[in-house]
Amino acid sequence: MTATTLQTKLAQAREADRAALVGYLPAGFPDVDSSIRVIQAMVEGGCDVIEVGLPYSDPMMDGPTIQRAADRALASGTTTDDVLRVVEATAATGAAALVMSYWNPIERYGVERFATELAKAGGAGVITPDLIPEEAEEWYAASEQAGLDRIFLVAPSSTDRRLELTTGACSGFVYAASLMGVTGTRAQVADTAEALVRRTRAVTRESGLPICVGLGISTAAQAAEVAAYADGVIVGAGFCQRVLDAPDLETGLVAVRSFAEDLSAGVRSR
Amino acid sequence: MSHAQPVPDDRGHYGRFGGRFAPESLIAALDEVEAEWAKAKDDPAFQAEFDELLKSYAGRPSLLTEARNFSEHAGGARVLLKREDLNHTGSHKINNVLGQVLLTKRMGKTRVIAETGAGQHGVATATACALMGLDCVIYMGEEDTKRQALNVARMRMLGAEVVPVTIGSRTLKDAINETFRDWVANVDHTHYLFGTAAGPHPFPKLVRDLHFVVGAEARKQVLELTGRLPDAVAACVGGGSNAIAIFAAFIPDESVALYGFEAGGAGADTDQTAASITAGSHGVFHGARTFVLQDEYGQTLPSHSISAGLDYPAVGPEHAYLADTGRAVYEPVTDTEAMEAFRLLCRTEGIIPAIESAHALAGAMRLGKRLGPDAVILVNLSGRGDKDVNTAAAYFGLVDSEGQA
Chain A
1 MTATTLQTKL AQAREADRAA LVGYLPAGFP DVDSSIRVIQ AMVEGGCDVI EVGLPYSDPM
61 MDGPTIQRAA DRALASGTTT DDVLRVVEAT AATGAAALVM SYWNPIERYG VERFATELAK
121 AGGAGVITPD LIPEEAEEWY AASEQAGLDR IFLVAPSSTD RRLELTTGAC SGFVYAASLM
181 GVTGTRAQVA DTAEALVRRT RAVTRESGLP ICVGLGISTA AQAAEVAAYA DGVIVGAGFC
241 QRVLDAPDLE TGLVAVRSFA EDLSAGVRSR
Chain B
1 MSHAQPVPDD RGHYGRFGGR FAPESLIAAL DEVEAEWAKA KDDPAFQAEF DELLKSYAGR
61 PSLLTEARNF SEHAGGARVL LKREDLNHTG SHKINNVLGQ VLLTKRMGKT RVIAETGAGQ
121 HGVATATACA LMGLDCVIYM GEEDTKRQAL NVARMRMLGA EVVPVTIGSR TLKDAINETF
181 RDWVANVDHT HYLFGTAAGP HPFPKLVRDL HFVVGAEARK QVLELTGRLP DAVAACVGGG
241 SNAIAIFAAF IPDESVALYG FEAGGAGADT DQTAASITAG SHGVFHGART FVLQDEYGQT
301 LPSHSISAGL DYPAVGPEHA YLADTGRAVY EPVTDTEAME AFRLLCRTEG IIPAIESAHA
361 LAGAMRLGKR LGPDAVILVN LSGRGDKDVN TAAAYFGLVD SEGQA
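From first to last, the protein sequence lines are chains A and B. In terms of the numbering used here, the first sequence has 252 at position 252, counting the first letter as 1, and numbering is strictly consecutive. In terms of the numbering used here, the second sequence has 138 at position 138, counting the first letter as 1, and numbering is strictly consecutive.
Hints are not guaranteed to be accurate.
To be verified - Between beta-carbon pairs, the in silico distance windows are:
| # | chain 1 | residue 1 | chain 2 | residue 2 | range |
| --- | --- | --- | --- | --- | --- |
| 1 | B | Met157 | A | Glu44 | 56 to 62 Å |
| 2 | B | Asp253 | A | Gln188 | 57 to 63 Å |
| 3 | A | Glu137 | B | Gly326 | 23 to 29 Å |
| 4 | B | Gln272 | A | Gly168 | 46 to 52 Å |
| 5 | B | Met132 | A | Gly94 | 55 to 61 Å |
Just so you know, the hints here were simulated from the structure itself, not pulled from any lab data. Heads up, the beta-carbon is just placed ideally off N, CA and C, and yes, glycines get one too.
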């Protein structure tokens with residue numbers, strides 16, 4: 001199988017001896033067209049990979065900032081078809097485009113249909129925060145067929161046996177949750193992050209599967225700290241917050257671009 | 001019909017339903033609960049302690065009362081009420097919470113969190129935590145804290161912290177989301193005391209097991225009283241804990257028909273309903289594959305019922321399975337039908353039922369007319385209606401708009 005754009009981006013970052021910068025934004029936040037412009041600013045600022053969030057009514061793993069952003073997206077009428085449109089625009093920027101989605105909207109859309117449409121839109125893969133490999137039989141088949149990366153999560157509470165199981169089910173990268181908690185900014189990078197990456201490395205040595213770290217990273221210094229041991233740094237709430245705080249979209253775009261530039265410098269200062 | 005495969009399987013699947021659609025962060029905790037329950041279930045010391053609490057604290061066994069006057073309104077069928085309303089804290093919920101607080105202590109955890117809609121599960125949880133000396137935090141949708149202010153006060157009196165949830169639709173489903181978020185962050189010392197037979201594995205099975213006593217007692221009591229098994233068992237269904245409580249012991253009895261009565265709200269064919277099996281579709285919600293009220297994109301739809309305890313847009317996975325296999329039949333009961341049954345039980349038997357349980361009573365009236373005077377119908381009177389007096393008084397116009405007599 002040829003490499004996905006995600007795999008290419010992560011390989012390029014590794015080659016340049018830096019971590020990749022992965023940015024998250026819910027599609028449709030604050031509305032569909034504006035979310036495309038925010039994502040373009042994120043890529044201009046230096047994001048290598050974009051997680052396009054599929055806004056969901058019951059985001060169990062998200063803290064208040066991303067909940068608010070997703071609520072805004074749903075209130076503006078964002079549908080799964082809009083998410084695919086945002087993916088298409090994201091892929092056109094040259095960044096690798098992923099979808100981050102709770103499982104029900106994908107199942108409802110039709111797992112195979114979603115995979116096919118996502119691949120057609122130029123998407124590289126899907127991050128599934130509430131789908132564990134044991135429940136993912138249908139997703140395996142659909143993602144294989146469409147040539148999409150499957151990104152599952154590992155957490156500080158994962159046993160070694162589960163690290164092996166989960167990383168074995170992933171392609172592209174494995175999402176290491178830095179801490180036990182939900183999305184949102186934190187004052188410090190949790191000390192559980194490095195330990196989890198070390199334990200995960202121990203089971204991915206042979207496959208070389210990249211490990212990207214997310215949850216609670218929102219400053220250039222934190223990005224640099226995590227870049228020292230991870231292959232990618234994932235930032236979400238920080239971007240949403242800048243859009244939420246801005247009095248208008250143009251101001252928000254400036255803030256988002258400059259934030260991405262800061263983080264981008266961070267992931268380059270290993 | 002017979003069941004070739006026992007349910008759930010070892011990963012919590014009830015046929016195509018159930019399972020574990022939960023974040024990886026929680027898998028270790030769910031495994032721990034599952035493993036600890038497997039041990040406790042077979043531990044005579046645990047069972048003895050649980051049984052003793054049920055007897056000397058909750059007031060079990062609960063009575064079986066024949067509703068002779070109410071029977072006239074149910075086609076003359078014999079209507080037998082399983083009196084879970086007489087338990088301490090006023091509903092079946094106490095069985096599950098007593099079992100789970102014992103499990104919490106076994107796991108060495110010191111803090112309990114729970115969601116509540118109407119407040120019944122929250123009050124029961126706060127009660128059990130007070131008894132056991134555990135820290136207790138209850139998440140409750142802000143809308144529900146306003147509708148059920150008295151229950152908020154009860155929980156606080158019992159020493160629990162009540163956190164109003166101000167995100168999403170601010171009702172039960174959002175309270176559950178928020179409790180999961182707390183659990184992820186505090187799982188090392190905290191147990192999520194799930195209140196209904198839903199959620200990710202092992203909760204549906206754990207909650208069913210802890211409530212099994214309800215149907216087991218009732219089965220024996222009906223046999224003693226009538227010399228035979230009932231023709232039908234009726235229960236209301238929101239998440240479905242009281243229904244699975246009374247169904248479980250009868251599932252192997254093929255001659256006993258099982259009926260779950262969902263909250264139809266303004267009608268199961270309207271958008272003002274909570275009848276997830278009747279009006280919903282297959283989906284994944286709160287950790288399990290089940291029936292859920294959702295739009296074409298899989299976004300959860302707001303539910304409606306006059307009964308806060310049934311106002312939930314999904315249902316436990318075992319009910320989805322029992323509906324799918326045909327072992328149980330699920331029908332909607334509207335707000336209006338439920339309130340008529342509520343009124344009738346008050347007037348004919350001197351028992352004020354919970355509005356939740358009134359849905360089962362309305363169902364029994366319907367069944368009795370269908371089955372005729374020779375039928376024996378067992379109804380789970382899952383809770384008492386003290387908490388519903390304000391709602392009922394407003395509904396029947398017993399007080400003016402300011403709540404004054």
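- Query: Should the hint that Glu137(A) and Gly326(B) are 23 to 29 Å apart at their CB atoms be regarded as holding?
  - Reply: holds (26 Å)
- Item | Hint check for Gln188(A) and Asp253(B) - Cβ pair distance inside 57 to 63 Å | holds (59 Å)
- Item | Gly168(A) and Gln272(B) - C-beta distance against the hinted 46 to 52 Å | For Gly168(A) against Gln272(B), whose Cβ atoms are near 47 Å apart, the range 46 to 52 Å holds.
- Query: Cβ-Cβ distance between Met132(B) and Gly94(A): within 55 to 61 Å?
  - Reply: At 58 Å between Cβs, range holds.
- Met157(B) and Glu44(A), beta-carbon distance inside 56 to 62 Å? Holds, since Met157(B) and Glu44(A) (Cβ atoms, about 57 Å apart) stay within the stated range.
Every hint from the earlier list agrees with this structure, and none is contradicted.
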